[in-house]
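**Q** The lines below spell out each chain.
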Amino acid sequence: MKIEKQVTSGQLDFTFSRRAIFVGGVQAAIGATVAARMSYIAVADNEKYKLLAESNRVNLTIIPPRRGWFIDRNGKPIATNRADFRVDIIPDRLVRKDETIATLANLLALSSDDVDRIHRELQLAQGFQPVQVADGLDYERFAAVSVRLPDLPGVSPRQGYSRFYPSGAAVGHLVGYVGTVSAEEYQKNKNPLLITPGFKVGKDGLEKTLEAKLQGEPGAKRSEVTARGKIIRELTTRPDTPGKSVQLTIDIDLHNFAARRLGLESGSVVVFDCLTGDILTMASMPCYDPNSFSDGIGRIEWKMLNSDDHIPMLNKALQGLYPPGSTLKPMAALALLKNGVDPDETVFCAGGYRLGNRVFKCLGRHGTMNMTSAIMKSCNTYFYSMGRRIGYDKIAPIARELGLGQEFPLPFPSQRYGTVPDSEWKQRKLGQAWTESDTLNAVIGQGYIIASPFQLGLMAARIASGLNIHPQILKSNRAAPSLLSFPTEHLDIVRNGMNLVVNGAGTAVRSRLPLENIMMAGKTGTAQVRRIAGAQRGQSGAWKYRDHGLFICFAPVDNPRYGAAVVIEHGMGGARAAAPIAKDVLTFIYDRELAMKSLEALEAGWGGNIEQRLAAKYAAFQGQPAEPPPLDPTA
Amino acid sequence: MTGIVPAPIASLPWRVIFILMALVGFGATVLYSAAGGHLEPWAGKHVARFLVLLAMAIVMSRLKMEFWKSITFPLYLILLILLVVVELMGFVGGGSQRWINLGIITLQPSELMKPVMVLAAAWFFDRLPPNRINGIDAIWPIIALLVLPSALVVIQPDFDAAIAYAFGLGVVAFLAGLPLIYFISAGGALAVIAPLIYFFGMKPYQQDRVLIFLNPENDPLGAGYHITQSKIAIGSGGIFGKGFGNGTQSHLDYLPEGHTDFVFATMAEEWGIVGGFFILGLYVLLMRWGLRVAMQSKTRYGQLVAAGLTCTIFFYIMINLLMVVGLAPVAGIPLPFVSHGGSSMLTMMICVGIIMSIERHPGAKRGQFT
Numbered sequence: 001m002k003i004e005k006q007v008t009s010g011q012l013d014f015t016f017s018r019r020a021i022f023v024g025g026v027q028a029a030i031g032a033t034v035a036a037r038m039s040y041i042a043v044a045d046n047e048k049y050k051l052l053a054e055s056n057r058v059n060l061t062i063i064p065p066r067r068g069w070f071i072d073r074n075g076k077p078i079a080t081n082r083a084d085f086r087v088d089i090i091p092d093r094l095v096r097k098d099e100t101i102a103t104l105a106n107l108l109a110l111s112s113d114d115v116d117r118i119h120r121e122l123q124l125a126q127g128f129q130p131v132q133v134a135d136g137l138d139y140e141r142f143a144a145v146s147v148r149l150p151d152l153p154g155v156s157p158r159q160g161y162s163r164f165y166p167s168g169a170a171v172g173h174l175v176g177y178v179g180t181v182s183a184e185e186y187q188k189n190k191n192p193l194l195i196t197p198g199f200k201v202g203k204d205g206l207e208k209t210l211e212a213k214l215q216g217e218p219g220a221k222r223s224e225v226t227a228r229g230k231i232i233r234e235l236t237t238r239p240d241t242p243g244k245s246v247q248l249t250i251d252i253d254l255h256n257f258a259a260r261r262l263g264l265e266s267g268s269v270v271v272f273d274c275l276t277g278d279i280l281t282m283a284s285m286p287c288y289d290p291n292s293f294s295d296g297i298g299r300i301e302w303k304m305l306n307s308d309d310h311i312p313m314l315n316k317a318l319q320g321l322y323p324p325g326s327t328l329k330p331m332a333a334l335a336l337l338k339n340g341v342d343p344d345e346t347v348f349c350a351g352g353y354r355l356g357n358r359v360f361k362c363l364g365r366h367g368t369m370n371m372t373s374a375i376m377k378s379c380n381t382y383f384y385s386m387g388r389r390i391g392y393d394k395i396a397p398i399a400r401e402l403g404l405g406q407e408f409p410l411p412f413p414s415q416r417y418g419t420v421p422d423s424e425w426k427q428r429k430l431g432q433a434w435t436e437s438d439t440l441n442a443v444i445g446q447g448y449i450i451a452s453p454f455q456l457g458l459m460a461a462r463i464a465s466g467l468n469i470h471p472q473i474l475k476s477n478r479a480a481p482s483l484l485s486f487p488t489e490h491l492d493i494v495r496n497g498m499n500l501v502v503n504g505a506g507t508a509v510r511s512r513l514p515l516e517n518i519m520m521a522g523k524t525g526t527a528q529v530r531r532i533a534g535a536q537r538g539q540s541g542a543w544k545y546r547d548h549g550l551f552i553c554f555a556p557v558d559n560p561r562y563g564a565a566v567v568i569e570h571g572m573g574g575a576r577a578a579a580p581i582a583k584d585v586l587t588f589i590y591d592r593e594l595a596m597k598s599l600e601a602l603e604a605g606w607g608g609n610i611e612q613r614l615a616a617k618y619a620a621f622q623g624q625p626a627e628p629p630p631l632d633p634t635a
Numbered sequence: 001m002t003g004i005v006p007a008p009i010a011s012l013p014w015r016v017i018f019i020l021m022a023l024v025g026f027g028a029t030v031l032y033s034a035a036g037g038h039l040e041p042w043a044g045k046h047v048a049r050f051l052v053l054l055a056m057a058i059v060m061s062r063l064k065m066e067f068w069k070s071i072t073f074p075l076y077l078i079l080l081i082l083l084v085v086v087e088l089m090g091f092v093g094g095g096s097q098r099w100i101n102l103g104i105i106t107l108q109p110s111e112l113m114k115p116v117m118v119l120a121a122a123w124f125f126d127r128l129p130p131n132r133i134n135g136i137d138a139i140w141p142i143i144a145l146l147v148l149p150s151a152l153v154v155i156q157p158d159f160d161a162a163i164a165y166a167f168g169l170g171v172v173a174f175l176a177g178l179p180l181i182y183f184i185s186a187g188g189a190l191a192v193i194a195p196l197i198y199f200f201g202m203k204p205y206q207q208d209r210v211l212i213f214l215n216p217e218n219d220p221l222g223a224g225y226h227i228t229q230s231k232i233a234i235g236s237g238g239i240f241g242k243g244f245g246n247g248t249q250s251h252l253d254y255l256p257e258g259h260t261d262f263v264f265a266t267m268a269e270e271w272g273i274v275g276g277f278f279i280l281g282l283y284v285l286l287m288r289w290g291l292r293v294a295m296q297s298k299t300r301y302g303q304l305v306a307a308g309l310t311c312t313i314f315f316y317i318m319i320n321l322l323m324v325v326g327l328a329p330v331a332g333i334p335l336p337f338v339s340h341g342g343s344s345m346l347t348m349m350i351c352v353g354i355i356m357s358i359e360r361h362p363g364a365k366r367g368q369f370t
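Protein sequence lines, in the order shown, are assigned to chains A and B.
FYI, the UniProt record's numbering numbers position 403 of the first sequence as 403, with every residue one higher than the one before it.
FYI, the UniProt record's numbering numbers position 248 of the second sequence as 248, with every residue one higher than the one before it.
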């Protein structure tokens, strides 16, 4: 039998004292733990937590930098920043929701669509996250809201900046446009600036390639905020550093005129300063309006651009490639002279040239032709005959020296360089030997040879000055260009031929400049889009099968200063479509009033200027069902 | 004792009153700053409430220990019934409810049960003959004492209260001399049962609390927000703090519950660890007073009650401080005498009042005659 151990109250008293001391010890240990932990947090980690408390307390608002301007060679603005007025609602401060929105809808002329969106966003928004009511407001509307602020708690009118292109669609292809950063761009570079409301980056053209220079440094506004985002007070504000301005070689007045003068056509005008290589004009029409692109592209606008067979999204001056046609004849003449052809030697044109059993046609029966008259009359027979004599491998290097097929280091996202074919090229590309009929085609600018309007304009400028000019779009002072390899006598013969094209008995006599002292020299070109049987020759029928019209020119004849090219897609002929535009553009340089008068008369017939025509077209597209535009339309 | 101070006032337990006044006064200072330099809504009420409850405690200290002993078991039964009533009201009202509204005051039986649990345990061990302390007779009654109210609060659900009951009763049982093997095996069993409770006994929000306590950075904006912001407040305060009225964490509302459960963080941000050590020092004095009263009590009931109630106060202090410095999960337990809040102050002052009564009436040893 087990004997129970007897416990007395004295023993329990003793146990109590011992255990009470133990409990006190445990309490002291826990107290020491708390003290140690607290000291560790507050002393060892003090810096870390101070920083965290500070980042809690201070809210950093990024002020997007103002973008650098684009200005033209005379300092006139091409792209600027317009003070942008916007109105937001701060949901937490809003008192009478429906009443306030109704008042705003009335003051700002909001559509029912907008009102619906605001109601929807207000339901989703929380606290102090602003809901946009409207942006891009004019000052009157903005002021109308501002003066009523005491009656509109929760409404916040603010001022920012948005990109503005005074020339609208005329400069779309030249400078591109800006837009909000895409998700992929933000993934690559997680700069909080990129997702700051109101911040935009270049999406196309010079806006895209010169982004680093134009962007500038953001400013910052520090304010003390509560956990719920309520601003207690402003601390400090560091202003933004605007991006650097970029001066272009463009003469914006001339450029705008050229773009307007293109009218309803699909085409491009390029004008060079033939002494320096400065690009004075690079117009490509039709074009989107970069102002509306920068605000985001609407469905209707996108459909309107996409359904246009004149391809408004393509910069035709740099990216359009065309068979140059007869505009290559002055270049071919320089090649002939260089290879010993006597300019006075004649060829008889009976309306064509026989090669083997095939007859290559001329546009007329020109009779006896020397080099000068062959350029003036654009006689194919002369160039077939002489070109065949020296061979195209002798002509191709001259074409390259004048800029065809060449790449230029210009800050545009994409250029196309075309092709200057020769026997080596054909062997490499097609694995075939060069034939004499290839030479005959190439010498009149058909067949394999293709070039951009930009290159044709440069060619005209180089022939005009005899200088090896390099094109430039960013204004800077450069060393004077060297001479090309052509003797002055050769250049004079070719220039004289081009002079006679306009001022003699040539193909473009109707495009003589309406000026007393200034004369223009030029060369027309008509390029077949496809081989057409019979006599039709691409002069009628569906628009997209008609011949391209081309014209290269320079002025003044006696002391060349400007070289230019005009290419009109499916314009049916250089003399008919391109030369008159070149005439007006060059006239504008010397006599603005005269040129404007003729332009205004033309625009009256076209249904207004570029802006008015775009607005009318937009109105016509209203109400049609439309797909939303892609995220990055130019990619 | 004669002097210029009248005897009734001189006979008050001034030592503990000074400690409490220092705690409450400092707490009121912190609450004054937390309210942006206003007595409203916390600081003024805090002091007023303390003064009223101090008066109550002094009245309680005049009551003899035998009185407490005599009402212990009835009190326990009444509270048990009230817990059932609260449960039924919650059932009828369709939702969890913890208090009974009596018009003038709201009665929270689960809160009042915390000191009464200690009284009941002490009452039981006082009645238990010393030679039965190692037997089964010492075990089942206290388990019954614990399980009945615990079950009622757990279904509310209020785990914190159940743990507080277990703690109070456990401490009394430990001090009463229950064999150590029980406590060792209970600790071992807890290590096994705790994971089971976590996975099968806890609601998702309670599981979250535990998980987030283990790694608050996982959820810095959700439930881990409290711990993270509390550490930021204490850590950014440094040694001397940011100065009175300069705490940004509390004033800009980053610190949640800055006037109740996280009042220590609010204080530490403005007063630094100097302020923290001041409060800890006062608590050390308070605990020393309570345990000393227990040691000097001549009766077993007085010993166990004084020590048990001291430990009940300590339980609040410990859970709150460990939570605030990030060493324990977030629990809704305020810091005694510093946090704003009526029901916890009531519980604390009941504890103090009874300990004061034991200090005043140490009683006589069994078998001794006075």
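Read the hints as simulated data drawn from the structure, not as lab findings.
Every residue gets a Cβ at the ideal spot worked out from N, C-alpha and C, and that includes glycine.
One or more hints might be untrue.
[Claimed, not checked] One-sided and incomplete, this derived list gives chain B residues near chain A with beta-carbon spacing under 8 angstroms:
| no. | residue |
| --- | --- |
| 1 | Phe159 |
| 2 | Asp160 |
| 3 | Ile232 |
| 4 | Ala268 |
| 5 | Leu322 |
[What the hints assert, rightly or not] Calculated lysine-lysine pairs in the DSS-like style (CA-CA distance at most 27 angstroms, straight line):
| no. | chain 1 | residue 1 | chain 2 | residue 2 |
| --- | --- | --- | --- | --- |
| 6 | A | Lys190 | A | Lys208 |
| 7 | A | Lys208 | A | Lys475 |
| 8 | A | Lys244 | A | Lys213 |
| 9 | A | Lys50 | B | Lys45 |
| 10 | A | Lys208 | A | Lys50 |
| 11 | A | Lys221 | B | Lys242 |
| 12 | A | Lys221 | A | Lys190 |
| 13 | A | Lys230 | B | Lys69 |
| 14 | A | Lys230 | A | Lys97 |
| 15 | B | Lys242 | A | Lys48 |
| 16 | A | Lys617 | A | Lys597 |
| 17 | A | Lys426 | A | Lys338 |
**Q** Any hints this thing doesn't respect? Which numbers, in order?
**A** 1, 2, 9, 10 and 13
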